[in-house]
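Protein chains: 4
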Amino acid sequence: MQFISDNAAAAHPKVLEAIAASNRLDAPYDGDEWSRRLDGAFSDLFETDVRAFWVSTGTAANGLALAALCPPYRAILCHRDAHIEVDEAGAPGFFTGGAKLILLDGPGAKVTPAAVAAACDRIRKDVHQVQPAAISITNATEYGLVCHAAEVAALGKLAKERGLALHMDGARLANALATTGENPADVTWRAGVDALSFGFTKNGGLNAEALILFRTELADEIEVRRKRAGHLLSKGRMLATQILAMLDDGLWLENARSANAAAQALAAAAPKRLVYPVEANEIFLKVDAEEAAHLRAEGFDFYEWGPGEIRLVTSWDQQGEAVDKLAAAIAAL
Amino acid sequence: MQFISDNAAAAHPKVLEAIAASNRLDAPYDGDEWSRRLDGAFSDLFETDVRAFWVSTGTAANGLALAALCPPYRAILCHRDAHIEVDEAGAPGFFTGGAKLILLDGPGAKVTPAAVAAACDRIRKDVHQVQPAAISITNATEYGLVCHAAEVAALGKLAKERGLALHMDGARLANALATTGENPADVTWRAGVDALSFGFTKNGGLNAEALILFRTELADEIEVRRKRAGHLLSKGRMLATQILAMLDDGLWLENARSANAAAQALAAAAPKRLVYPVEANEIFLKVDAEEAAHLRAEGFDFYEWGPGEIRLVTSWDQQGEAVDKLAAAIAAL
Amino acid sequence: MQFISDNAAAAHPKVLEAIAASNRLDAPYDGDEWSRRLDGAFSDLFETDVRAFWVSTGTAANGLALAALCPPYRAILCHRDAHIEVDEAGAPGFFTGGAKLILLDGPGAKVTPAAVAAACDRIRKDVHQVQPAAISITNATEYGLVCHAAEVAALGKLAKERGLALHMDGARLANALATTGENPADVTWRAGVDALSFGFTKNGGLNAEALILFRTELADEIEVRRKRAGHLLSKGRMLATQILAMLDDGLWLENARSANAAAQALAAAAPKRLVYPVEANEIFLKVDAEEAAHLRAEGFDFYEWGPGEIRLVTSWDQQGEAVDKLAAAIAAL
Amino acid sequence: MQFISDNAAAAHPKVLEAIAASNRLDAPYDGDEWSRRLDGAFSDLFETDVRAFWVSTGTAANGLALAALCPPYRAILCHRDAHIEVDEAGAPGFFTGGAKLILLDGPGAKVTPAAVAAACDRIRKDVHQVQPAAISITNATEYGLVCHAAEVAALGKLAKERGLALHMDGARLANALATTGENPADVTWRAGVDALSFGFTKNGGLNAEALILFRTELADEIEVRRKRAGHLLSKGRMLATQILAMLDDGLWLENARSANAAAQALAAAAPKRLVYPVEANEIFLKVDAEEAAHLRAEGFDFYEWGPGEIRLVTSWDQQGEAVDKLAAAIAAL
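Chains as they are written, first to last, in the numbering used here: chain X, 9 to 341; chain A, 9 to 341; chain B, 9 to 341; chain S, 9 to 341.
Please keep in mind that the hints were generated in silico from the structure rather than gathered at the bench. Given the structure is predicted, the values throughout are model-derived calculations rather than measurements. Any given hint might turn out to be false.
Remember, identical chains collapse to one label, so a pair may be satisfied in a single copy or spanning two.
Listed below are the simulated SDA-like cross-link pairs for lysine to any residue, each with C-alpha atoms no more than 25 Å apart in a straight line [as the list claims (entries may be wrong)]: (1) K168 / E225; (2) K133 / G39; (3) K133 / G314; (4) K133 / R45; (5) K133 / R304; (6) K133 / A300; (7) K294 / A335; (8) K333 / E298; (9) K133 / D296; (10) K133 / R88; (11) K294 / D95; (12) K133 / D228; (13) K333 / N31; (14) K22 / P36; (15) K333 / G316; (16) K22 / D256; (17) K22 / E41; (18) K280 / A301; (19) K133 / D47; (20) K133 / A297; (21) K168 / D228; (22) K280 / S266; (23) K294 / I131; (24) K333 / E312; (25) K165 / R132; (26) K165 / T120; (27) K133 / F308; (28) K133 / Y311; (29) K333 / E317.
Work out the full structure, taking the sequences as your base and the hints as a guide.
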C-alpha cells in the first residue's frame, strides 16, 4: 500500500476518457480545439484574462515561469526546502540561464514577508551582489501547509514594493484550495501572483500541468521558451483535454478533497505524532526507525524524511481500505 | 482531408490501450515496470547494449542528445534545412548552452561526407574559430529521402577520423527503414551513430519519443539533463508503454509501411511533378498557385513549401479513401 | 616587418603615460575619477547623452552589447564574415545564453537592407523558427570598407520598421571616420545605432575598448553583465585613462589617419591587385603563392586570406620605412 | 588614508616598467615571448608541469576554472562567504551555464572536510538533487585566515574520495604563503588542488591574474573558454609581463610581506578588538559606530562589515606613516 507520493497515482478515468475522445487528427501543437479553449477556461476560473499554457511537468512549468520572471543575472528568493531548489535537478539554473536561488528559512517551508525582507536587506545594492528579481512560493508547501490568500497578499504587497515578481508553484494548489475554500483568484493574482504553475498530474491527471500567466504580456516569450525547451507537443490536444476534463464540473476540487480527506483520516490516527498540522494531503509523522520498519512489514510504503520522521502522501484515489488500515496501524504503534 | 503533417495524426488504438492498461500506481518517474523494460527492448532491436530514454518530443530528444555530444563552446554540423536548425526554436542553443550550428548545403537535405569535410577544412584550427564536435543528420531527411546504411557509415567513418560525434534525428526513422528494409543496427551504431532520436509520435504514438544512446557511458548525464529540462514525467510509464506498444509485433514498421504506401500512391499519380523521389512519407510536388487553390477547393489541406511547390505528408492511418481522392485530384490537375 | 594585424601593435606613448599617471590609489572598479569622466567625454563626442563602459576586448564589448539587445531565444542578423561569427569563438552564444546568428551574404562583408529584409522575410512568423531581435554590423567592415552614415541610416530605418535593435562593431570605427570625415553622431545614434563597440586597442590603446550605449536605459543591465563576465577590473582606471588619452586632442583620429595613410601608400603600389577598394587600414591583394613567398623572403609578414589572396593591415605607428619597402616590393612583384 | 581594499592600490613600479618594456609589436594574443614564458615560470614555481593562463580579473579566473571543473548540471561546494558566492555577481552561474553553489558554514570563511562531508551526505544520490562536482576554497580566506598545506590536503583527500575537483581562489595566496612560509606546491597540487586562481592585482599588479591548471589536460578547454568570454587580450603581453615582473626575484612574496607586516602593526594596536586572528592582510575589528565615526573623522577610510565591525585591508605599498597613524588612532579609541 503506497503512500510515497501522489505523483505516481493512477490518472482519473475521466482524464483517460478525455484523451481517448480527443484522439483524432486536429491542428498540431496548440492549434487544436481543446488547446484553444484553455485561455478561456482559466480566465473563467480566475475571473480575469489569463494566458494558459499546457506543459508535461511541474518542473517545466516552474522553469519556464521563472525564466520569464528573472533574467540570468538576478536571483529568485525561495524557501530552502522549495521543490525548485531541492528536487528539480537545478532546472531553474537551466531555464533562466544561470540565475541564482536565494534560500530562505522558516517553519513548514513557508516563505514569510519578514524572511524576504531580511534577505533583500542583506544584499548590498551594488553590481557585485546578485540582486533579486522574483519570489517563488509553493502552495500547498512542501510540508503540506496551505498559504491563505491573506498570506500571499502580504508577500504580493512586499514584492510590489521591492520590485519583485511573484511566482506560485501550485503543484498542490488544488489541495490547498480544497482546504481553505478560498477563491482561486484571491490566492493568486488578486494577491499579487504574476505566474502560477497549476498542477494537475498529482491530482488525477496523467502528465498535464498548466502554466498560468496573470501578466499576459509574458505570453509570447513563454510560447517561444516552451517550444525551445522541447515542451511543445505536436499532439498537444492530449494535454489540453486532460486539463479541461479536470476543470469540468470541478473534478480538480473533488479529487483534491478526496486526497485531503484521506490525509485527515491518517492525521486523526496519531495527532501527537504530527510534525506539522495536516492542511492538504501530506502527513509528516514522528515515527522512529523501529516503528517505521513495523509499518513497512505490514505492507505500507512511504518516504523516510530524516531521522525519526516519515512522510505520507495521499492521492485522489485513496479513499478506502488502505487508508483505514494505515490509520489503524499508526494508531496501534 | 489533411496532408499537412503526420505529427498531428491520431494515435494508434493500441497505443491508447497501452496507456490505459498502465494506468495504475507504480514507481514514479522511470522506476515503473514499463520504463524498466525499455533498455532491454531497444537492446534487442539494435542487437547491442543500448540505454533508452523516453521523452515527450523530438525536440527534447535532439536537444538532450546534442548537449551530451557537444560542449557549449563547440559546434554541430548539420544541413541548412535540418529540423534542429529550422523548426526547433533554437533548442540546440538552449540545451547545449550556446553551441553553434554550422550549416551545410546539399540536395534533399542530405549531409554528405564531402560537405562535412569541406566545412571542417574551412575552419582554422585555432582558438578564435568554433571547432566542430558533432554531426547531426536526419533520417529520413526533411525532404523525405532515406539515408542508407552505407551512406551513414561513410559519415560515421569521417566522423571518427575527425573526432566528431554522430547524431541521428530519426523522427521518421521508421519510414526510412520500412523503405530500405535495412537492419536498425546497420543504419545506426554499426554505421557509427552515437545517439539516436527515435520518433514514435509521428508514427502512431501520442507523445513518445525514445532517445537511444549507443555510447552508454552518456546515460548518467542524459538522465540528469532530462530531469533538469523538465522532461522526467512522474507517470513516465505513460511514455514507456506507448513505445513498448509500438515495438510490440513490429507495429512501428507496420504503421510506417502504411504511411509510405499512401505516399507511393500519391507519387504515382503525378510522377513528373515530383521534386524529390518519394522514399518515405513525404511528397514534394511542383504545383502552381492556381493548382494549389484548386486542390484546396476540393477539400485537401497541405503545406505550401515555397513558390510553386507543395508538401504532402501521409500518416499511418491514411490508407483509404482520402489518399485515392487526392491521387485522383492530382492526376487530374 | 609585420603587416599581420593592427591588433598587436605597440600602444601609443601617451597611452602608457596616462596609465602611469593614473597609477595611484583611487576608488576601485569604475568609481575612480577617470572612469567617472567617460560618460561625459563620450556624450560630448557623440553630442547626446550616452553611457560608456570600458572593457578589455572587443569580444567583450560585442558580447555584452548583444546580450542586452537580444534575448537567448532570438537571433542576431550579421554578415557571414562578421568578426562575431568568425573570430570570437562563439562569444555571442555565450554572452546571450544561446541566441543564434543568422548569416547574411554580400560583397565586402557589408550588411545591406536588402539582405536583412530578405532574411527576415524567409523566417516564418511562428514559434518554431527563431525570430530576429537585432542586426550587428561592422564599421569599417572585415574587408576594410567603410559604412557611410547614409548606409547605416538605411539599416537603422529598416531595423526600426522590423522591431530590431542595431549594434555596430566599431573595432575600426576610428579608421572609418578618418576616411569619411563624418560626424560620430551621424554614423551611430542618428542613424539608428543602439549600442556601439568602440575600439581603441587596434588604434594605439593597450587593452581598452568602450561599449557605448545610446539606449541609456540598458546601462544597469550592462553594468551587471560586465561584472558577471569578469570584465569589471578593480583598477579600472587603467582602462578609463587609456580611452581618455585617446580622446584627448583627437589622438584617436590622428592615429587612424596614420594607419589609413600607410594603407593608401600600399594600395597605390598595386592598384590592379586590389580585391576591395582600400577605405580604412586593411588591404586585400591578389598575390599568388609564389609572390607571397617572395614577399616573405624579403621579410614581410602578413595573413594568407585564401588561395591567391593576402591581407595586409597597417597600424597607427607604421608611417615610415617598412611601408615604403613593402610598397616597393609589391610594385616590383 | 585608504584601508578599504588592496584591490585598488597603485601597481608596483616594476610592473609598470615591465608593461612599458613590452610595448612593442609582437605576436598577438598569447603568442608573444612573455606569454610563452608563463607555463615555464609557473612550472618552476610549482615544481611540476602546469599550464598558466593570464586573465584580467579574479572573477574571470574563478569563472573559467569552475566551468572546466563543473558541468552545468552539477554543483560547487563553497563557503557561504566565499567571494564567488558573495561578490562576483553570479559569475559562476554565467561561466558554468547554470551550475549551483552549495553554501557551507564555518568560522572564518574556512571550508572544512566535515562541512563538505555533511553537505554531500545531505544530498540524495538521485537524479532530482544536484550532485556536487567540485569544492572551491579561498586562501587566504575572505576573513584573512590562511589555509595551511595540511588543511588543504585534508580537503584534497576528501575531494578525491568523493570524486570532486578542488579549486583554490588564491586572490591573496601570496599573503597566505608570506605568512606560512609554505611551499607553493605543498599548498596546491600536492594537497590535491586541480586549478588555482593566482592573484597578482591585489598584490602590486595592475590587472593581471594567473589561472594555473595542475590538471593540464583542461588547458585546451580553458583556452577556448577564455577567448569566448572575451578574456583573450590581443596585446596579451601586457598581462604576461606583469606576472613575470611579479615572479621575478620574488617580488610577489616581498609585496605580500609588506602588506602583512602593515596588518600585523594594526593588529598589535588593538589585540582585544580582533574578530579573527590576523594571518594575512585583512583585519576585522570590533569597533562601534561612534568609534568608527571617530576614525573616519581622523581621515581613515575603511569598510563597515556589519554592526559593530569594521574591515581594514593593507596593501603592498602601505609600509609607513598611514599605518602608524591608524595603529595609534585605534589604540587610542
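Now the hints, each set against the structure:
1. K168 / E225: both (17 Å within a copy, 21 Å between copies)
2. K133 / G39: This pair counts as between: shortest inter-copy Cα distance 15 Å, intra-copy 45 Å.
3. K133 / G314: between (38 Å within a copy, 15 Å between copies)
4. K133 / R45: between (44 Å within a copy, 22 Å between copies)
5. K133 / R304: For K133 and R304, only the inter-copy Cα distance (22 Å) is at most 25 Å; the intra-copy one is 52 Å.
6. K133 / A300: between (49 Å within a copy, 22 Å between copies)
7. K294 / A335: within (14 Å within a copy, 57 Å between copies)
8. K333 / E298: Classified as within: same-chain Cα gap 19 Å, cross-chain 67 Å, threshold 25 Å.
9. K133 / D296: Classified as between; 23 Å across copies, 47 Å inside a copy.
10. K133 / R88: For K133 and R88, both the intra-copy (23 Å) and inter-copy (18 Å) Cα distances are at most 25 Å.
11. K294 / D95: Within one copy only: 23 Å inside, 41 Å across.
12. K133 / D228: Between copies only: 12 Å across, 31 Å inside.
13. K333 / N31: between (39 Å within a copy, 23 Å between copies)
14. K22 / P36: For K22 and P36, the Cα distance is within 25 Å both inside one copy (23 Å) and across copies (21 Å).
15. K333 / G316: Within. Shortest intra-copy distance 21 Å satisfies the 25 Å Cα cut-off; inter-copy 59 Å does not.
16. K22 / D256: within (10 Å within a copy, 27 Å between copies)
17. K22 / E41: both (18 Å within a copy, 24 Å between copies)
18. K280 / A301: Answer is within: at 20 Å inside a copy they meet the 25 Å cutoff, but 55 Å across does not.
19. K133 / D47: between (39 Å within a copy, 21 Å between copies)
20. K133 / A297: between (48 Å within a copy, 21 Å between copies)
21. K168 / D228: both (23 Å within a copy, 20 Å between copies)
22. K280 / S266: within (23 Å within a copy, 64 Å between copies)
23. K294 / I131: between (37 Å within a copy, 22 Å between copies)
24. K333 / E312: within (19 Å within a copy, 61 Å between copies)
25. K165 / R132: Result: close within a single copy only, 22 Å intra versus 36 Å inter.
26. K165 / T120: within (12 Å within a copy, 41 Å between copies)
27. K133 / F308: between (52 Å within a copy, 23 Å between copies)
28. K133 / Y311: between (42 Å within a copy, 15 Å between copies)
29. K333 / E317: Within one copy, since 20 Å is at most 25 Å while 60 Å is not.
This entry satisfies every hint, going by the numbered hints stated previously.
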